[in-house]
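> Assemble chain V onto chain X, guided by the hints.
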Amino acid sequence: MNQDRWDWTAMIPVLTKALADTATMVGIALGFTIVLGLLVGVLLVTTDDNGLFAAPFGSRRFGRGLHAVLGFIVNIGRSLPFIILMVVIIPFTKLLVGTFLGPVAAAVPLTVAAIPFFARLVEIALREVDYGLVEAAKSLGASKRTIIWKVLLAEGRPSIVLGLSTSVISLLNYSAIAGLIGAGGIGDIAIRYGYQRYQEDYLIVTIIILIVIVQAVQLIASGVAKRLSHR
Amino acid sequence: MITITDLHKSYPARGAKDTIVEALKGIDLEVADGEIFGVVGQSGAGKSTLIRCVNLLERPTSGTITVGGQDLTTLSDAELRTARHGIGMVFQHFNLLSSRTVRENVEFGLEITGVSKSERAARSAEILELVGLTDRASAYPSQLSGGQKQRVGIARALAGNPRVLLSDEATSSLDPETTDSILQLLKDLNRKLGLTILLITHEMEVVKKICDSAALIEDGRIVESGNVIDLLNTPGSKIAHALFPLGESNGAPGNTVIEIMYAGHLSDEPIVAKLSREFGIDVNILGAAVEIVSGKRVGRMRLELPGSAASNAVPISRLKDSGLFVEVLEGVSA
Numbered sequence: 011m012n013q014d015r016w017d018w019t020a021m022i023p024v025l026t027k028a029l030a031d032t033a034t035m036v037g038i039a040l041g042f043t044i045v046l047g048l049l050v051g052v053l054l055v056t057t058d059d060n061g062l063f064a065a066p067f068g069s070r071r072f073g074r075g076l077h078a079v080l081g082f083i084v085n086i087g088r089s090l091p092f093i094i095l096m097v098v099i100i101p102f103t104k105l106l107v108g109t110f111l112g113p114v115a116a117a118v119p120l121t122v123a124a125i126p127f128f129a130r131l132v133e134i135a136l137r138e139v140d141y142g143l144v145e146a147a148k149s150l151g152a153s154k155r156t157i158i159w160k161v162l163l164a165e166g167r168p169s170i171v172l173g174l175s176t177s178v179i180s181l182l183n184y185s186a187i188a189g190l191i192g193a194g195g196i197g198d199i200a201i202r203y204g205y206q207r208y209q210e211d212y213l214i215v216t217i218i219i220l221i222v223i224v225q226a227v228q229l230i231a232s233g234v235a236k237r238l239s240h241r
Numbered sequence: 081m082i083t084i085t086d087l088h089k090s091y092p093a094r095g096a097k098d099t100i101v102e103a104l105k106g107i108d109l110e111v112a113d114g115e116i117f118g119v120v121g122q123s124g125a126g127k128s129t130l131i132r133c134v135n136l137l138e139r140p141t142s143g144t145i146t147v148g149g150q151d152l153t154t155l156s157d158a159e160l161r162t163a164r165h166g167i168g169m170v171f172q173h174f175n176l177l178s179s180r181t182v183r184e185n186v187e188f189g190l191e192i193t194g195v196s197k198s199e200r201a202a203r204s205a206e207i208l209e210l211v212g213l214t215d216r217a218s219a220y221p222s223q224l225s226g227g228q229k230q231r232v233g234i235a236r237a238l239a240g241n242p243r244v245l246l247s248d249e250a251t252s253s254l255d256p257e258t259t260d261s262i263l264q265l266l267k268d269l270n271r272k273l274g275l276t277i278l279l280i281t282h283e284m285e286v287v288k289k290i291c292d293s294a295a296l297i298e299d300g301r302i303v304e305s306g307n308v309i310d311l312l313n314t315p316g317s318k319i320a321h322a323l324f325p326l327g328e329s330n331g332a333p334g335n336t337v338i339e340i341m342y343a344g345h346l347s348d349e350p351i352v353a354k355l356s357r358e359f360g361i362d363v364n365i366l367g368a369a370v371e372i373v374s375g376k377r378v379g380r381m382r383l384e385l386p387g388s389a390a391s392n393a394v395p396i397s398r399l400k401d402s403g404l405f406v407e408v409l410e411g412v413s414a
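These protein sequences, in sequence, are chains X and V. Read in order, the letters of the first sequence correspond to residues 11 to 241 in this note's numbering. Read in order, the letters of the second sequence correspond to residues 81 to 414 in this note's numbering.
Derived by calculation from the structure, the hints in this document are not laboratory data. A couple of the hints might just be wrong.
Unchecked claim - Distance condition first, Cα-Cα at most 20 Å in a straight line; then the derived EDC-like pairs of lysine to aspartate or glutamate:
(1) K267/V x E371/V
(2) K267/V x D292/V
(3) K154/X x D58/X
(4) K154/X x E138/V
(5) K354/V x D401/V
(6) K197/V x E184/V
(7) K154/X x E191/V
(8) K97/V x E138/X
(9) K97/V x D58/X
(10) K154/X x D157/V
(11) K318/V x E298/V
(12) K400/V x D362/V
(13) K154/X x E159/V
(14) K318/V x D292/V
(15) K376/V x E285/V
(16) K105/V x E115/V
(17) K105/V x D86/V
(18) K236/X x E145/X
The following block holds chain V by itself, in its conformation from the complex:
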């Protein structure tokens, strides 16, 4: 649905016009039809520039952006405006027009496309129903809570029936509970409408809760990308580690520390109990995290086994054989 190829973006630094900032250094990204794709990264990594390039709010220095089979970078201004009708966008600070009511905000995009007044009214009523704000239609944005404002933002973005929704840190200025309800709404819309969603966020929670795929952006480059469950099953995946932080506890000298990732069917097995029963090992849990990701139980665990890695070779290979992803951490047994 969205294909980004070799995207570069540079601009003159603020204040120092002679210095060029390279915000994006060759991004390749593929967002499949109907999926929720999350790009995560620290602030300053370039994720905001990236998503703003997708609907050409920022024009890339080079590279191509194809949305729904159409290369946006080659379009004229008028063609681009038409293409944007098919790409909704929601913002961290909502960006609602303060002089318009909720209904009028939702109808704004429809006014732009020249939809008749009666059709606009029907469509805005329909979409407000969908986001659960029917009773606030005549309110002004200043009278709404943050979560309600973002619902209006989503309704406005979706009023014109776009195939794609871009979400620029849509939940970053909301409290955790409201974040959950907005994420749930996005997920529902994704399922109900077959909406493709590309979101950027610095919150791993967002990826954990709704994303089918994710990419990690660092210093203007995508360093990791893929299906979330697959990433979780990839040893050494930075996204997996960020999704399931286990803290810094490293166990006692002389012992072996291993990390286990598990996703899907294997998560139901009592791993620790099995190890102690079958091999008589006193397994010490240094850290563990278990959550539901994309509807599957997924976990990461750091275990301490007594003795050196060599003496634990048999139980470790037994774990690997059972389909778990096991990583023996280096440099902690010394």
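Okay, chain X solo, but in the shape it has when bound:
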């Protein structure tokens, strides 16, 4: 039985395919998460009391309502364990992608799970930005758009990058679970080969790959955040 262990010619194609699948689902999910997570994060901050959009269209009630609804949805997203979320939204995934199998389909639940997570981290990053900077920009005649881009997001950049790395790592984590419903990917290999077939060589290699990826992501993010931060 041991002679079929550490057979690299068999392992490498399997692992390469798995890595490509992981990259696909995490990559797609990350793209949508960045855009939508930033949007939700900005809205969470700006619709709060004294925010730029505290009273959209002149209505504080609307702003307060929007803030509450957003917060509520984000909390729902955050409270469902990924494995349950994934199953629950299968109809939505099918509607969107046509199937719930494969890495592209897996990107849907991954995105849905990661947006609220990243949005909260963006919210924290933006709340750290001193309100005095917003006032200074206002005193210079800045529009809301300018304040969001050039003050809030520009000043929050280092924290946002760190939040992004945390989100990438979470996505990687979720992607392994997505393997359970046929998404493929690196986590799927660990489960199918390592757990179900007792092939510890696959298990060990996938663990090492995951550790290396997470370390690399964290290292790069910390480096970038440090370069961006001039506080």
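Same frame as chain X, but now just chain V:
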């Protein structure tokens, strides 16, 4: 240049939403073109709310604010943004963007108004020269001292050539020496550029050093206002007393205590020596302060004269006749 009429501002109290705090209770203020106007008051008196109302960082509950002939309270959002380009503001905590270099901070306002890149570079170089920070243009705010940060704040506020500068406690987090250099800079800019400056402060030193006019705000109301020299010549002026504190010494029972304010030409006269020589009085100085205000020597003095107020009537009227402002303090001779 700035006219504030019957300005009221109320807002719900922090924590207790049902309670309304009345921060400003009907402020009238007139800042003339090209002058430095200081509003002084204790913290909580409403001065910060007042200055933030001038460029509508806070929207007044009622009243009007006219800057350069334009009533800001009636403007649309877009018009207000344009109007703000003509009103610079500097802050106690500088409020510089940490992610931008000194030059980029200075250029921020110009970016907002859509000035081209090359013009921005030329203008920022010019204004950095003016505030003496040319060699720090590529530094980040975190690498600067407090005084340098405020110079950047001033440069940023002035890059767009505003007619008016609002200063919200600009020197309050600086040490005394740095405060002096920033005040000197403000004064220079006022003279060089004809810049109208409205500042708020809790430091009387600021008024003494650079203000042409001053107002005292207490509990949301202006209780005193006017040209600084005129205020100093006004008996009982709270601002004058605050500018020249004389301590608590009140002299011996039975004696008369008088306070003299003098400003301008009279300050060169040797008052005490004259009193003793002409009337043979043993004048005792209880307190005195002499300083240069708006380029004039100004002083306040508390003197003790032997005997009752009635017995000193002649020398006192003699002092008054010579143009000095003399106040006989009540309730100390008993």
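> Could you run down the list of hints and mark each one as holding or not?
Here is what the structure says about each hint:
1. K267/V x E371/V: With Cα atoms ~17 Å apart, K267/V and E371/V stay inside 20 Å; holds.
2. K267/V x D292/V: With a Cα-Cα distance of about 10 Å, the restraint between K267/V and D292/V holds, given a limit of 20 Å.
3. K154/X x D58/X: 15 Å, holds
4. K154/X x E138/V: 16 Å, holds
5. K354/V x D401/V: 14 Å, holds
6. K197/V x E184/V: Holds, because 11 Å separates the two Cα atoms, which is no more than 20 Å.
7. K154/X x E191/V: 14 Å, holds
8. K97/V x E138/X: 25 Å, violated
9. K97/V x D58/X: Holds: K97/V and D58/X sit about 16 Å apart, inside 20 Å.
10. K154/X x D157/V: 10 Å, holds
11. K318/V x E298/V: Holds, because 11 Å separates the two Cα atoms, which is no more than 20 Å.
12. K400/V x D362/V: 19 Å, holds
13. K154/X x E159/V: 14 Å, holds
14. K318/V x D292/V: Holds, because 17 Å separates the two Cα atoms, which is no more than 20 Å.
15. K376/V x E285/V: Given that 20 Å is the threshold and the Cα spacing comes to 15 Å, the pair holds.
16. K105/V x E115/V: Measuring from Cα to Cα gives roughly 25 Å; hence the hint is violated.
17. K105/V x D86/V: Within the cut-off at roughly 8 Å; holds.
18. K236/X x E145/X: 26 Å, violated
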